[in-house]
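Trainee: What follows is each chain in one-letter form.
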Amino acid sequence: MSFGPHLLLATLEGLVTAAVLALTALGLSLVFGVMRVVNVAHGEFFMLGAVLAWFFSTLVTGSPATGFLLALVLSPLVVGLVALVCERTVLRRLNYDPEATIVATIGMLYIIQQLALTFYGPEARPVQAPFSLRIALPWFGYSGYKLAVIAASIGLILATWLVLTRTRIGLIMRATQFDRETAQNFGIPVDKVYAAVFALGAMLAAVAAVLIVPIQQAHYLMGLDPLLLSFIVVIIGGLGSLRGTVVAAVLIGLSDGIISVFFSPTLAKMIATLLVALVLVFRPQGLFGQAAR
Amino acid sequence: MSEKRSKTSILTGNVSRRTALKGLGASAGLTLAPGFVRYAQAQSSEPIRIGFQAHRTGIGAAYGRWYERTTMAAAKAINAAGGINGRPLEIVTEDDGTDPKRGAEVVEKFASQHKVDVVYGTLFSHVVVGAAPTAGELKMPYYVVSEGYHVASGKLNRYVFQPGITDVKAQVSSMAPWVTSNLGKKVTMIFPDYAFGHDHRDFFTEAVKAQGGEVIKHVPIPPTESSFTRYFPQIPSDTEVLYHVMVGPAVLTFVKELGEFYGGGGPKLFGFIDSLEAVDMASPGLEFLDGSHFWEGMPRYLQADAPDYVKAYRDAVGIDQNGASVDDPKDVSTAAHMFGCWETLYVIKAAMEAAGYQGPGDRQKLIEATEAMTEFAAGPEHPQGKKIFNGKLHQCFGHQYISQVSGGRLEVVHRTEIEDSMYEPEGDYTTQSL
Chain A
3 MSFGPHLLLA TLEGLVTAAV LALTALGLSL VFGVMRVVNV AHGEFFMLGA
53 VLAWFFSTLV TGSPATGFLL ALVLSPLVVG LVALVCERTV LRRLNYDPEA
103 TIVATIGMLY IIQQLALTFY GPEARPVQAP FSLRIALPWF GYSGYKLAVI
153 AASIGLILAT WLVLTRTRIG LIMRATQFDR ETAQNFGIPV DKVYAAVFAL
203 GAMLAAVAAV LIVPIQQAHY LMGLDPLLLS FIVVIIGGLG SLRGTVVAAV
253 LIGLSDGIIS VFFSPTLAKM IATLLVALVL VFRPQGLFGQ AAR
Chain B
38 MSEKRSKTSI LTGNVSRRTA LKGLGASAGL TLAPGFVRYA QAQSSEPIRI
88 GFQAHRTGIG AAYGRWYERT TMAAAKAINA AGGINGRPLE IVTEDDGTDP
138 KRGAEVVEKF ASQHKVDVVY GTLFSHVVVG AAPTAGELKM PYYVVSEGYH
188 VASGKLNRYV FQPGITDVKA QVSSMAPWVT SNLGKKVTMI FPDYAFGHDH
238 RDFFTEAVKA QGGEVIKHVP IPPTESSFTR YFPQIPSDTE VLYHVMVGPA
288 VLTFVKELGE FYGGGGPKLF GFIDSLEAVD MASPGLEFLD GSHFWEGMPR
338 YLQADAPDYV KAYRDAVGID QNGASVDDPK DVSTAAHMFG CWETLYVIKA
388 AMEAAGYQGP GDRQKLIEAT EAMTEFAAGP EHPQGKKIFN GKLHQCFGHQ
438 YISQVSGGRL EVVHRTEIED SMYEPEGDYT TQSL
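Chains as they are written, first to last, in this note's numbering: chain A, 3 to 295; chain B, 38 to 471.
Since the hints were derived computationally from the structure, they do not count as laboratory data.
The structure displayed is predicted, hence computed values, not measured ones.
Note that CB positions come from ideal geometry on N, CA and C, so glycine has one too.
Fair warning: there could be bad hints in the mix.
Short derived list, chain A residues pointing at chain B, Cβ under 7 Å [unchecked claim]: (1) 8; (2) 11; (3) 15; (4) 109; (5) 112; (6) 126; (7) 130; (8) 136; (9) 145; (10) 146; (11) 172; (12) 183; (13) 218; (14) 262; (15) 263.
With a cut-off of at most 27 Å between alpha-carbon atoms, the simulated DSS-like pairs for lysine-lysine come out as follows [unchecked claim]: (16) 367/B - 402/B; (17) 222/B - 246/B; (18) 113/B - 138/B; (19) 423/B - 113/B; (20) 271/A - 192/B; (21) 271/A - 254/B.
Please model the complete structure; the sequences and the hints are all you need to start from.
Mentor: Encoded structure:
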């Protein structure tokens, strides 16, 4: 295959990775930014989203689009609910202490993973894409659904951005992120904001998972990769920065796509990890993060 | 009053450590107790215990599920026919998580805790390679159903056998002539980047060369990969045959993406059924496979000329005409591999009977009796077909099937001869001391 089409394929693949990664990492970044909680169980919310997508899509028969849309609506809601319960019963009781919450979320990671293994089983199960369209380019064919994933992800990120910058809820979240105590003094129910943010973070991961599950398959161990990549993205972009997260996700996604097509996937992972190390040494707050006050 | 107190303690989470320990101790005692009772009985009426190392979880779970069903069906059949040496057969299953470290621990647990007679079962090559040294150290006979070349390579030890399934080297070298003469001589290979894939890479490349063909490109894929499109541009455009073998939970993604990439065009496809094991051929997105060829260890779909003993075997395991579970047509079996469990259990039975096996003290006799075997006739005990067993290599040799996808089914188009798959032995386990 000649260079041009080769690069096109690499870019498309990279964009799909970036799209899903941006959504997942956004959830992680939001939770850290507002609550200062490093949520190690974030990848498991992603996995739970995929597993539930399989469950909901099997409830309805007929057109695969119905099942998929049902999953797209219900799966994030259920995951958000699970996250809410986790937040109320675990994180709040720990007073959001940074060290304690890391350990607690590691525990949540294993509990969610093992529950999925117990009730869903060890199999990888497919969810049918809402439509099957193969776009035949002169050099290779490409899945139309993958392009739809990129579009959907851009839409969702824009929506999140609008909510954070243009709505009252977003203002409250940003105020809480800026200074928890002052926000509380101004009558912002910080406690409720925390619960909502944690649920929202998990829901973003779940939406990303529902989008990816017709491409990959739902499997109880699928949460690890998105978690690691999200951490990489969030560290590079700057914890708590929406813009940084999106830019870093596109950067990591594209470089992963292009480097792994032209060289090797292992090299792509090495470069991403190296980038993290460089950012941590030279700009610890991340590319777009603000230095700690 | 006591009732009130206990209620309070539970509510406030103050269940004392001592109470919890007592509970733990009691449940541990419950699981241990039957062991003591059992050993009070006479040795002769004791069941023969076979430790079954199963991929219940992890990336090999689909295989593990069907290996377990086949094993249980075979054990039931053996017991219904009077057991082994007149003693009932008992299968003790432990999950190895498709993980080499856990695999070795499971072998140890079988030896020290379950006190089994032999260990048997597992598939994934890295688990076998990880667990084999432990079996050797514990002098525990270890019968694997793994299909890798590691047993026949002579690099494991005298306690490891593979009598129920052929190895990759035999499989690919017997099929290469068919591939080069029917599909094409310029081959590109896609395979998982670890021991099992490397066996394919090395032996198929060699075998194609021997046939005057050429493998023009190797495309290794990391075992944890979940997306494959990015690898396909590496396939040279003058490729005539694309040889693919993939394992793990992402196989369906792999085949689907291959279809998206090539559509109906592209090179001819020759795949190991591993790329589609436990996957429904009727899955949306797989239509492009029609007309392509697959290796099968044993046909998934019931063939028109299948002998009665094949039908009996399929009924016993519980698979329908399409190779799916009789209870759930969506639960597709790993038919091309799991027959090895059935056959291996019958080999263990025959070897134990030949050795007059009484208990763990006779393990060395059992090893020697297994090594003395030479041939297994096709029939109810060996439904996949006749096998020749090489006691020095601890490996069996048998027929291979090449099937073509037509109308969403796999139809056998070629069966290799056993002799096609024989190669120069590289090792001799019988020279090792017991």
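Trainee: Would the hint linking residue 271/A and residue 254/B be met if the CA-CA limit is 27 Å?
Mentor: Given pair residue 271/A, residue 254/B holds - Cα atoms ~24 Å apart, limit 27 Å.
Trainee: Within 27 Å, alpha carbon to alpha carbon, are residue 271/A and residue 192/B?
Mentor: 33 Å, violated
Trainee: Go through the hint on residue 136/A and say holds or violated, using the shortest Cβ distance to chain B against 7 Å.
Mentor: OK, holds: residue 136/A within 7 Å of chain B, min 6 Å.
Trainee: Min Cβ distance, residue 112/A to chain B: is it shorter than 7 Å?
Mentor: 13 Å, violated
Trainee: Have a go at the residue 11/A hint: is there a Cβ in chain B nearer than 7 Å to its own Cβ?
Mentor: It holds, given that the least Cβ distance between residue 11/A and chain B is near 6 Å, below 7 Å.
Trainee: Does the closest beta carbon of chain B sit nearer than 7 Å to the beta carbon of residue 130/A?
Mentor: OK, holds: residue 130/A within 7 Å of chain B, min 6 Å.
Trainee: Does the closest beta carbon of chain B sit nearer than 7 Å to the beta carbon of residue 15/A?
Mentor: 5 Å, holds
Trainee: Sort out whether residue 138/B lies within 27 Å of residue 113/B, counting only the CA atoms.
Mentor: Not OK: residue 113/B and residue 138/B at ~31 Å, beyond 27 Å, violated.
Trainee: Could you grab the alpha-carbon distance between residue 367/B and residue 402/B and see if it respects the 27 Å cut-off?
Mentor: 44 Å, violated
Trainee: Checking hints one by one. Is residue 263/A an interface residue toward chain B, by the C-beta closer than 7 Å rule?
Mentor: 5 Å, holds
Trainee: Restraint: residue 145/A near chain B, CB-CB cut 7 Å. Satisfied or not?
Mentor: 5 Å, holds
Trainee: Please verify that hint: residue 183/A, Cβ, nearest Cβ of chain B, below 7 Å or not.
Mentor: 30 Å, violated
Hints 4, 5, 10, 11, 12, 16, 18 and 20, counting from the list given before, are not met by this structure.
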